[in-house]
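Assemble the complex: chain A is given as a structure, and chain B must be docked to it using the hints.
Protein chains: 2
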Amino acid sequence: MRLLFCCTDTNPEPWLAGIRQALPQATVELWESGAAPADLAVVWAPPQVFFDEQPGLRAVFNIGAGVDALLARRIAPSTLIVRLDDAGMAVQMAEYVCHAVIRHFREFDVYEAETKAGRWAFRKPRRREEFVVGVLGLGVLGTRVAQALRGFEFPVQGWSRGPKLIDGITTLDGAEGLHAMLAQCRVLVNLLPLTDDTRDILNRDTLSRLPPGAYLINVARGAHLVDEDLLALLDSGRLAGATLDVFRKEPLPDEHAFWRHPRITLTPHTSARTMRDESIAQIATKITALHRGEPIVGVVNRLRGY
Amino acid sequence: MRLLFCCTDTNPEPWLAGIRQALPQATVELWESGAAPADLAVVWAPPQVFFDEQPGLRAVFNIGAGVDALLARRIAPSTLIVRLDDAGMAVQMAEYVCHAVIRHFREFDVYEAETKAGRWAFRKPRRREEFVVGVLGLGVLGTRVAQALRGFEFPVQGWSRGPKLIDGITTLDGAEGLHAMLAQCRVLVNLLPLTDDTRDILNRDTLSRLPPGAYLINVARGAHLVDEDLLALLDSGRLAGATLDVFRKEPLPDEHAFWRHPRITLTPHTSARTMRDESIAQIATKITALHRGEPIVGVVNRLRGY
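So the sequence lines, in the order shown, correspond to chains A and B.
2 is the number of the first residue of the first sequence in our numbering; add one for each residue after it.
2 is the number of the first residue of the second sequence in our numbering; add one for each residue after it.
Treat the hints as calculated values from the structure; they're not laboratory data.
Think of the CB as a built atom: it goes at the ideal place given N, C-alpha and C, for glycine as much as any other residue.
A couple of the hints might just be wrong.
Covered stretches of chain B (in silico footprint by chain A; criterion: 3 or more residues with CB under 8 Å from a CB of chain A, positions within the stretch not fixed) [to be verified]:
(1) 247 to 256
(2) 263 to 270
Label-pair distances were calculated between CB atoms; the ranges are [to be verified]:
(3) A:T286 to B:D206: 45 to 53 Å
(4) B:D236 to A:P15: 46 to 54 Å
(5) A:E295 to B:K165: 38 to 46 Å
(6) A:K250 to B:P213: 39 to 47 Å
(7) B:R124 to A:P48: 24 to 32 Å
(8) A:R128 to B:L166: 33 to 41 Å
Chain A extracted, bound-state conformation (with noise of 0.2 Å):
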C-alpha cells in the first residue's frame, strides 16, 4: 500500500510521522511532481497536477470537513473522495457557535463595553423561550451545535436540504422549509456545505426574512455569504450584527468592510481547527474498513457536492 500526503499550507513532518505510525504495513511519502502511482493520498487543497498524475489513485482523504476546493479539481471517477467526520472539530464548531450566541443573546460584549466605561448598569434580560436559534445544515457539525445550543434551553431549529429528525430540535426541510424557519430566527448559524446550490444562500432577500434585530453567524464557507447584503443590512439597522469565521478570501483583504464593521466581530478561520492525531486515527481507521471491504462514513456524493 503505497499513499502519498499533498497538504498545501501544511507542515508535513508530524503528519507523515503519525500516518507512518498508525499504518506501519504501508509505504507514506511527501508528493512531488513526478512521484510514482500511488492507491492512497491525504490531502488539503491539492493543485490539479497532483491529480493528473495519479489517475489510479483509490480513494483521497481530505484534512477537513468542507469539500469545496476539492470538488473544484478534475479527479478520476473511480477515486473515491473521503471527508472528516468530527475528529475533534464538532466540539470546537460547538463551543465557537455557543459562545457567540450567548454573547448575543446575554449581552455580554454591552457589559464588556459598559463595564469598561466605569459603568455599573443593568440591561433588561430577554426572554430564553422567544430566542429562537436556527441552524442551517444538519451534518455531524450541524447537529452536534443544534443540540449544544438545546443544551442552553434555546429554541433550536435546523433545517437541511433533505428531512432530518434530531431529538429536540425543530427540523425543516426544502426552500419552503428555509423561509418558515428564517422567519423565526433570532440568530441565524450557517453551518451549510458550499455547493452549487448553497453558494451566495446568505443574501439580501434570505437576510430580510430574519426578525427585524436579528444575528447572523458564519462558520461555513465565505462564499455562502454575499458581503454587500449583509453589510447594507447591518448599516441599515435591519439585522443586529454578526460573528463571522470564514470569508470569500482568506486571510481577508486589508481593505474589506468587515475589519472595520463595529457591529461585526471577526475571527481568522479559527472556528474548528483539524486535530492532527483525531485525524490521522480516522483516517488509519477507515484506510483498515476499505481494505477489509467494509463500508466507510464520510465519502462525498460529487452530484450532491458533499
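Chain B only, in chain A's frame:
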C-alpha cells in the same frame, strides 16, 4: 393563609399580582411595619424589624439561591427558611460560566483584540484534554455548570463539603480534596454558598495552589474572595486573569482596582437573575406541599449555613 411580600430593591407589583394568581386561596400583601401576623413570607434582604414583628411565620421563601444575607438576621427558630432551587437560574449560570471558560480557553478575547487591530493571526490551540476546569460547590447550580462544561469535553472536577457522585465529573471533598483539585485546575469556578467556613476561601494560599497561569471565575459571593490577594497574584503574573460577577460591596465602588484591571472581566452581579414567573411557580408549589404535610426541597440548614 396570609402571605407577606418583603423584598428590598424589587418592584413589588408584578410579584404581588403573580403570587395572588398562583395562590388564589391566600391573602397576599405588601409588608409594612405594623402589618397583622402572617403565616408565610416571600423575602429578599428584609430588615430585622420584619422578623421582630413577625415571630409566628411558618416559612419564609428567599427569592434567590444564596441565603447568606438572610441568615445574618435573627429569625424565630420555628420559622422554616426556604431558598430557590434553580427556577431558571441554573441555565443562566451554565451560560455565564461556559461563555467565560470558552472565551478564555479559545482565547477569543485575544482574537478580538488582534482583529480589531486588523491582524489575521492564528494562535496555537490549547489542549482540551489537559484543560481541567474545577467547580467549587456542587449544589443545583454547581452541578448544572459542571455538566454543561463536560458537554464541551473538558476534564471537569467538582468539589463539595461532603462526598457527591455526578456522572462524568471527578468529585472531591474535604480539605485534602480541595488541595488536590486546586493543583489541577486551569480554570477555577466558584459556586459555593457563603458561610463562615467558605468566607475568604479564595485567598493567597488557595489561589497559589492553582497551576501558574490559571484563571478564576467567581459567580458566588464577593466575600468568598480576598480582593487584594487576587490583585497581587494577577500583577505578579501568577494567575492569567479573572471573570468576576460578585463583589464585597455592590455596586462595586468607583475607586476599586477591579474596575480598571486589564486582566479582569467584570459584570454587575448579572450571572443568574431571579426569574419572576419560575420563582413564583416554585414557591406556590412548595407552599401547597407544605400545606399537605409533604416534604419540600431547598429548606436551609441554619447550622450549615445553606
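Hint check:
1. 247 to 256: holds (count 4)
2. 263 to 270: holds (count 4)
3. A:T286 to B:D206: 45 to 53 Å: holds (48 Å)
4. B:D236 to A:P15: 46 to 54 Å: Given about 38 Å between the Cβ atoms, the range is violated.
5. A:E295 to B:K165: 38 to 46 Å: Holds: the Cβ-Cβ distance is about 43 Å, inside 38 to 46 Å.
6. A:K250 to B:P213: 39 to 47 Å: At roughly 40 Å between Cβ atoms, P213 of chain B and K250 of chain A fall inside 39 to 47 Å, so the hint holds.
7. B:R124 to A:P48: 24 to 32 Å: holds (29 Å)
8. A:R128 to B:L166: 33 to 41 Å: At 35 Å between Cβs, range holds.
Checked against the numbered hints listed earlier, the structure breaks hint 4 alone; every other hint is satisfied.
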